[in-house]
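Undergrad: Generate coordinates for the entire structure from the input sequences, incorporating the hints supplied.
According to full-length UniProt numbering, the sequence shown is numbered sequentially starting from 1.
For the record, the hints were derived by calculation from the structure and aren't laboratory data.
Check before you lean on any hint, since a few could be wrong.
Claimed, not checked - DMTMM-like mimics (lysine to aspartate or glutamate), calculated; alpha carbons at most 20 angstroms apart, straight line:
(1) K216 x D243
(2) K149 x D255
(3) K46 x D237
(4) K253 x E108
(5) K216 x D237
(6) K149 x D243
(7) K149 x E108
(8) K162 x E201
(9) K162 x E193
(10) K162 x E207
(11) K238 x E264
(12) K216 x E242
(13) K149 x E116
(14) K253 x D243
(15) K238 x E215
(16) K162 x E172
(17) K149 x D139
Quick caveat: nothing in here was measured; it's all calculated off a predicted structure.
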Amino acid sequence: MTSSLPSGQTSVLLQMTQRLAMSDAHFRRICQLIYQRAGIVLADHKRDMVYNRLVRRLRALGLDDFGRYLSMLEANQNSAEWQAFINALTTNLTAFFREAHHFPILAEHARRRHGEYRVWSAAASTGEEPYSIAITLADALGMAPGRWKVFASDIDTEVLEKARSGIYRLSELKTLSPQQLQRYFMRGTGPHEGLVRVRQELANYVEFSSVNLLEKQYNVPGPFDAIFCRNVMIYFDKTTQEDILRRFVPLLKPDGLLFAGHSENFSNLVREFSLRGQTVYALSKDKA
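TA: This is the structure we're talking about:
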């Protein structure tokens, strides 16, 4: 014996299981829009990733056509959907103390400076990088009020919410020493077993905000002693990279440091920065 679903349920089921078509023209429009809004360059091999991420937005909005979705975006430049579009297409790979060689350099640089030591984490993602910076500075400088501050930003508002919460799986903190884990995190119990949360004493030194690196002027509390802009420039073309680096120059104090990702090389892009160490650049004193 067979029975049929009501027509309304049938249409919903079809929408959930039917693969929506994304044409070459749709993909080109998506590439153009994300470049204009976020400076991200999408290669052809990212097409499946783009489809899988954006199709969720279409389902959420009850749309069955990529063309309609893109036309909706283009029709309203101030639509809240633009942020969801950007959030869907940004990549957020991060870890605590990723590229570990940077943090002893940061600690030594901080010890030699005077006044409040300020750091900008310009691609903060879900918070692992800015909290790693905060732990490094707390270990190096102590936690006296006004001694140091971390400003953390990202274009993706969803990952910033996770970063602000400061909640992580204990398994994600394997790069921390037992002393750091005890000093800077609280362990969850009961239903929260296996989770940890950044202690408020440390979190108070980290400020989160949404910043688009394509903006002509950054609303950030500079100048900074150091800027971390790691593993984000690889998504921009050379011209955009140069523009961003030049906007960093007035935001760094003399002899300030710029930390880059392992696959990024800024040596030949702008003259204001000179290589100081492995993927670490210094701002020339006469350029600040």
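Undergrad: Just pull the numbers of the violated hints for me, sorted ascending.
TA: Structure breaks hint 6 only.
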